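> Now for the letters of each chain:
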Amino acid sequence: MYNNNNFNERITGKYYQYSHSLNGILSQSQQQMNQQQQQQQQLQQQMYQNSQQNSNNRDLWQNHVQSQLMGKKQLGNTVHGRTPMLMANNDVFTIGPYKSRKDSTRISVLEKYEIIGYIAAGTYGKVYKAKGGKMKNEGLADDLNRLNRGRSADILMNSRRDSDNKIAHPNFALQQRSIRNLDSANNNNFATSGSNNSDTSRINIKSTSKSNVSSNTLTPTINNINIMQGNGNNNNNSNGTTQSVKDNVSVTSTTSSTAVSKSGTPNGKKVQSVYYAIKKFKSDKEGVEQVHYIGISQSACREMALCRELDNKHLTKLVEIFLERKNIYLVYEYAEHDLLQIIHYHSHPKKRLIPSKMVRSIMWQILDGVSFLHQNWILHRDLKPANIMVTADGCVKIGDLGLARKFSNLLQTLYTGDKVVVTIWYRAPELLLGARHYTPAIDIWAAGCIFAELIGLQPLFKGEEAKMDSKKGVPFQSNQMQRILEVLGTPTSKVWKNLHKYPEYENLAKFSKYRENLAAWYHSTGGRDNQGLDLLHKLLNYDPITRIDAITSLEHSYFTNGDNPVCESVFEGLNYHYPARRIHTEDNDIMNVGRPHKSRNMTSQSQIMSHSANNATLGGLGVNRRILAAAAAAAAAVSGNSLPPGSRGSEPSRKKRR
Amino acid sequence: MSGSYWTSTQRLHWQYSKAALARQRQELWVLECQLFPHGLNIVMTTRQNKEANNNINGNSTDPQQPTTTVKNIPIIHRDLHYDRDFNLRIYCYFLIMKLGRRLNIRQYALATAHIYLSRFLLKASVREVNLYLLVTTCVYLACKVEECPQYIRTLVSEARSLWPEFIPPDPTKVTEFEFYLLEELQSYLVVHHPYDAMEQIIDVLKNSEYDLNLSNEDVQNCWSLINDSYINDVHLIYPPHIIAMACMFITISLQNNNSANNSNSNSMTNMISLENLTPAQEKFNKFMAESQVDLMEVMDTIQQQITLYDHWDKYHEPWIKFLLHTLYLRPVMNQTPSGSLGGGCSGTSAGSNNSSNSNSGNNSTPNKTVNKNSSSSSTNSRDVTPTLNSNSKNINGNGLNNGNIAL
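Sequences listed follow chains F and S, in order.
Just add 246 to the spot in the first sequence (first one is 1) and you have the numbering used here.
Just add 566 to the spot in the second sequence (first one is 1) and you have the numbering used here.
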C-alpha cells in the first residue's frame, strides 16, 4: 500500500532517470519505428486522397459540409469578433462540435421503452416500470439491421437537439445519415453472405486475424467502394472471431440476454411481455425541471460502475444505461416482488408465517449473492428487505448498489467516504460502536436481520434513529444498541475480543446488563428448526471477526441438511400468488422522463427549451444529496397510502453521508 | 467483475487487439478528415536571426524583417492525432500529472483518469473537444470512481489556475462533459491497474523459490515506469499484469546498470544478451519463464516502453502547446482567402532559440532545445491547398511573440 508520502516521488515518471541509459537500446527500435511510421503515413495519404475523391464522386453532401464548416467559422468570427484573443472561443469552452455530433446520434429512453408507471419514488429519484421492445421495425425488420441501427444509433429523427451548435449540426446529421445508409447497405450485404459480422464500423471486434486490418480499416467513408472486398473480408472475420460486439451506452445493450434477444425476435408476443425497471436518478431540486448539469452523484456513479461490472444471478441485472438530457436512466430487469412486500403480505391483515421452505430458499439466494459481492471485493452496505427483489419466477435479486463500494485498494478510509452506512435497523453493532474500518461482516449482520425478519415478520431490532446533529457529528445510536442488547445480551470481551477498542465503547458500558435470549425469541416466533437458529446465531455474532462469512454460511447445515433441500425457486410449492407491484400512473410526472421527446414532432419547442437551459447560469451546485433507500416508497407501493398503524410505519431512511 | 481482471469489463469491452485498435483509430481518423478537411493553419513569426523588430504585423517583403508565415498543417499530418503524435501524448500525461499534483490526488486515481482519457481519445478527436477540459473531467470522474471524490469547485478552480484560457469558470461545463465522457466510455468505469499486479509479483519473488528481494528504490522505479506506461497504448491492449511484468523487467535490467557502470552501450547488452545476466535478472527470467504469461506480449510492452523514451527525447512542449493554442484559441482571422503565400512551408526554419512560453503558467517541464521531429515537410503541402491569409495577425500572447517556433 502506498501512501501519500510517496506520492510526489512516484508521480513523476522514470524518464529523466532512464533516458540516458536507454539510449543505447534504441537505435534499432527507432529505425523500425520510423519505417513503420512512414509506411503508415503513406498509406494514410493514399486513403485521404481516396476519401476525397470519393466524396467528390459520390455526392455533394460532403462538400456541402465542408463549406458549411467554413461558414460556421465565419459566423463565429462575427459573433466573437473582437473578443480578447486569449480566450478560447465558445466552441472550445462548450465542446460544441463534439456535442452536436454526439447529440445527433443519441437514442432516447422513450424511444426504446414504453413507460407504464412508477413503482417507487424516493429522494434519489424514481423507479419506473417500463415495457421493452418498443423499437420496432421502421422498415428493415431483421435482427441485423436492428442491431446495426441501434448501434450506430439511428437515422431516426434526432435533429431534435442541437443545443449549442446550430449550424454545423444539421449537416452533420445529414452526413451521419449517409454513412448510416452506407453501413446498412454494407450490412445487408454481409447478411446475405451469411456471416454474423454486423458491426464493422462501430465496434471493436476482437479479431485475431491480422489480415483483415488493411481493408477493414477503410470504413466508413470508403465503404461503398469496398463492399465487395468487405464481403471477402468478412468471411475471414467470421472464421477468426466469434467474439464481437460491444456497443453504445445508449443503445442496444450488451447483456443481450432478454433485452436484445427478446426484443429482437420477430414474433411479437414475447416482445410485449418483457418488462424493465428504469431507475431515474433525480438530479434536480424538487419538481423543478433541471437546467444544469450537476455532477453525477457518488451513488449514481457507484451504481453505474459496479452494476456494469457485475453479472450474477442474484443481483439485479443492469440492462443498459441512458445518459440523456442531464439525467441518468438505469434500465434493470424487472422484478415483480421484493421482500418488504412479501413480508408485508404475510403480516397483514394477520400474521401468517412464511413457509420455512421459502425462507430457506430466500436466505440461501441472498447469501449467495452477498458472497458473490464479497468475492468481488464489494461491500453492499445497504442490505434490507426493500432492497432484496424477487422475480416472478422466484429468483432473489439483490438490488440498489448505490451505497456499495469496492473495498480493495482503498484510497480513502471507508469512514471518510461515508460517515453513516446501512439503514439503522440492519446496522451491525461494530458500526454502532463507531468502527472506522469495517469488513464484509456488516453485510452478514444485515443478512441475519433479514433472516430474523422473514421468520418473525417484523424487524428484529427496530430501534429509533437518533437524529444527526450537524455539529456533533455522528451520534451514538443508543436506542438501536439497546434493542440489540435486549435480544442478544450484553457483549463481553470474551465473545468480542476487541470490544474495548471501539470509539463508542464508553457508551456501551452505560447500558444495564442483558442476558441473551435469541433462542427464546426464535421459538416464540414459531421457529422449530434448530439449524435455522444456529445459522441465525452465527449471522448475528457480535464479533465481526468470528461472524460467519458468506461462503461458509452457504455450507451451513441449515441449507445442506438433506431433509430440506434448498429450492431453486422461492415460490416452489406455493398455492397462492403474491400481489404484483402497485403501479402509480396517476402522477403525470412520468412524462417528465422524457417530456421533450414525447412527440418527435415537437422538436422546435424542445430545442428552445434545451437551448435556454444551456444558457442559464449555474444555480446551487453543491454536493449531491445522498440517495435514500427505496424502502419507504416500496412500502407505500405495497400497501397503498394507508399503512395500518402499528404495523411498521415508514422505514427509517439512511442519513446524509457527507 | 471488479474482483478479477479476467471477467472485468476492461477485458471484455475495452481491450483491443492491435488490429482492432488500428481500425478504431482509422475510423476516427477518417472522421477527423471529414470534420476538419482543412487541417490547421498556423501562423509563425520568423525572425531572420538578425534583429528583432517589433513591427511584426507589417507583412514586409524585406527578407531581413521578421515575417509572419502562415502555414497549413494538413489533417493527414500526424500532429495532434493522439495515436501518432507522441508529443501530444506526453503532454496529456503532464496535464493529468500537473492537475493531480495540485490537488494531491493519488496516483491510482490519476491512472484511472489517464485510461479514461485514452479511451475517450479513441473515439473522439482532440480537435473537436477541449483537451484541457477533458483532462479536468477525466480526473473528476476518476476521483469519484476511485472513491476519493474532489469537490468540483476546487477542482475547476485549480484547473483554471493552471490553464486559465481553456477552463471556463463555470463548473457545469465539467459536469456536462462528464456526461459525454461517460457516454463515450459506455459507463464502463472500473479499471484494473498494474500496480496491484506489481505488488503481487514482488511478493512472489520473495519466495524462497526465487529469493529475489527488490529494494525500495527498485519498487519505486518500477512504479514510475508503470506511471509512464500510460502514455502508451499498452493499457488498451494488454492485461495489467503483463505491463507490470514488463516494467519489472526493465527495472531489474537497469538496476545493475545504474549502480555498476554508466556506459550507455552496456545497457543494451545487459538487457538483451544472455551472457552477462546478473543474478537478479536470472531469477526474474526464471520467474517469467515459469509464470506462463505471454512473453511476446511482455516483450512488446517493453519495446513500446523503450520506444516511448525515445520519443520522449524529442518531446517538444512549446510546439505542442503552440499547436493546441492555435487550435483552440482561434485568432480572429478573416477567412477570405485573399493573399497567397506560395510554399508556405519552405524556408521558415530559423535559429532554434526556443520560446520560453511562459504564458499559461506552466513551467515545470524544462524546455528542451531539441528540434522538433515532426517536420517531415514533404507531406506538408501536398494534398491540401492551404487557405492562407495575408493579413493574419500574429497570435500574440500565445507564446509566439517572444520567440520562434523552430520547424
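None of these hints come from the bench; they were simulated from the model.
Keep in mind the model is a prediction, meaning the values are calculated, not measured.
Heads up, some of the hints might be wrong.
The list that follows gives simulated cross-link-like pairs (lysine to any residue, SDA-like), each with its CA atoms no further than 25 angstroms apart [to be verified]: (1) F:Lys-559 to S:Trp-572; (2) F:Lys-572 to S:Glu-749; (3) F:Lys-348 to S:Pro-735; (4) F:Lys-665 to F:Lys-559; (5) F:Lys-756 to F:Thr-771; (6) F:Lys-348 to S:Cys-714; (7) F:Lys-652 to S:Cys-714; (8) F:Lys-784 to F:Ala-765; (9) F:Lys-563 to S:Val-756; (10) S:Lys-664 to F:Leu-656; (11) F:Lys-572 to S:Gln-716; (12) F:Lys-652 to S:Leu-578; (13) F:Lys-563 to S:Asp-769; (14) F:Lys-784 to F:Gly-709; (15) S:Lys-664 to F:Gln-658; (16) F:Lys-652 to S:Pro-603; (17) F:Lys-572 to S:Ser-723; (18) F:Lys-652 to S:His-807; (19) F:Lys-603 to F:Thr-637; (20) F:Lys-559 to S:Leu-578; (21) F:Lys-665 to S:Glu-749; (22) F:Lys-572 to S:Met-865; (23) F:Lys-348 to S:Ile-768; (24) F:Lys-348 to S:Pro-734; (25) F:Lys-348 to S:Tyr-674; (26) F:Lys-348 to S:Lys-852; (27) F:Lys-596 to F:Pro-790; (28) S:Lys-772 to S:Val-756; (29) F:Lys-348 to S:Lys-664; (30) F:Lys-348 to S:Arg-591; (31) F:Lys-348 to S:Leu-587; (32) F:Lys-348 to S:Glu-598; (33) F:Lys-559 to S:Lys-880; (34) S:Lys-772 to F:Lys-784; (35) S:Lys-689 to S:Tyr-582; (36) F:Lys-784 to F:Gly-819; (37) F:Lys-348 to S:Leu-594; (38) F:Lys-652 to S:Ala-588; (39) F:Lys-652 to S:Ile-768.
> Okay, which hints does this one fail, numbers in order?
Numbers 4, 5, 6, 13, 16, 21, 22, 23, 25, 26, 27, 28, 29, 33, 34, 36, 38, in rising order.
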